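Chemist: Sequence:
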Amino acid sequence: MGLQAEVDAETGSVQQITAVARRSSCATFADILWPPCPNPLALMDDPGVMFESARRVVVFQRIGGDLRYYAGGWCLEQSRIYLEQDRIADEGCELGVFGSVQDALAFASQYLAEERNFAAVQIPREVRYSRQQAAGT
48 MGLQAEVDAE TGSVQQITAV ARRSSCATFA DILWPPCPNP LALMDDPGVM FESARRVVVF
108 QRIGGDLRYY AGGWCLEQSR IYLEQDRIAD EGCELGVFGS VQDALAFASQ YLAEERNFAA
168 VQIPREVRYS RQQAAGT
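In case it helps, the working numbering puts the sequence shown at residues 48 to 184.
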């Protein structure tokens, strides 16, 4: 079963997230392509999942046996990105590995739907890199 089908099977979690975020398929997301990484073109066979809210994004994909993720500030309107770059940077970001699709969706729900900061998200994960939110955001 591919990642998209696994996510589809978790309808309750997906509905909670998609109430505040747009879901799309993501063939490759550069920030999660750390070594070891197979040929990025091979990743198109099992694309990742991207949830985009007006201010934040969560992307996860199976790469090299890991369910890798990126979470951080975002701007849906790419024409406005230069106006929002300070806010996006202040949001911080996190890269890591989830243990399961259920963990990935629970993280996305807390981070996107509940707008918790990284420290307040109580989902098990292996954090590989984190740049915390600026004070007051």
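These are computed hints drawn from the structure, not numbers from a lab. Predicted model, so just to flag it, every value in this text is computed and none were measured. Glycine residues also receive a C-beta, built at the ideal position from the N, C-alpha and C atoms. Careful, some of the hints might be misleading.
Said to hold, decoys possible - Here are the in silico distance ranges between beta carbons for each label pair:
#1 134 with 174: 30 to 36 Å
#2 89 with 137: 32 to 38 Å
#3 101 with 72: 27 to 33 Å
#4 163 with 91: 17 to 23 Å
#5 52 with 178: 29 to 35 Å
#6 58 with 82: 31 to 37 Å
Chemist: With reference to the structure, classify each hint as holding or not holding.
Modeler: Status of the hints after comparison with the structure:
At about 22 Å, the CB distance of residue 134 to residue 174 disagrees with the hint of 30 to 36 Å. At about 35 Å, the beta-carbon gap between residue 89 and residue 137 stays in the expected band of 32 to 38 Å. Range check, residue 101 to residue 72: Cβ separation about 20 Å, and the 27 to 33 Å hint is violated. At about 32 Å, the CB distance of residue 163 to residue 91 disagrees with the hint of 17 to 23 Å.
Distance hint for residue 52 and residue 178: a CB-CB separation of about 33 Å, consistent with the stated range 29 to 35 Å. At roughly 35 Å, the beta-carbon separation of residue 58 and residue 82 lies within the given 31 to 37 Å, and the hint holds.
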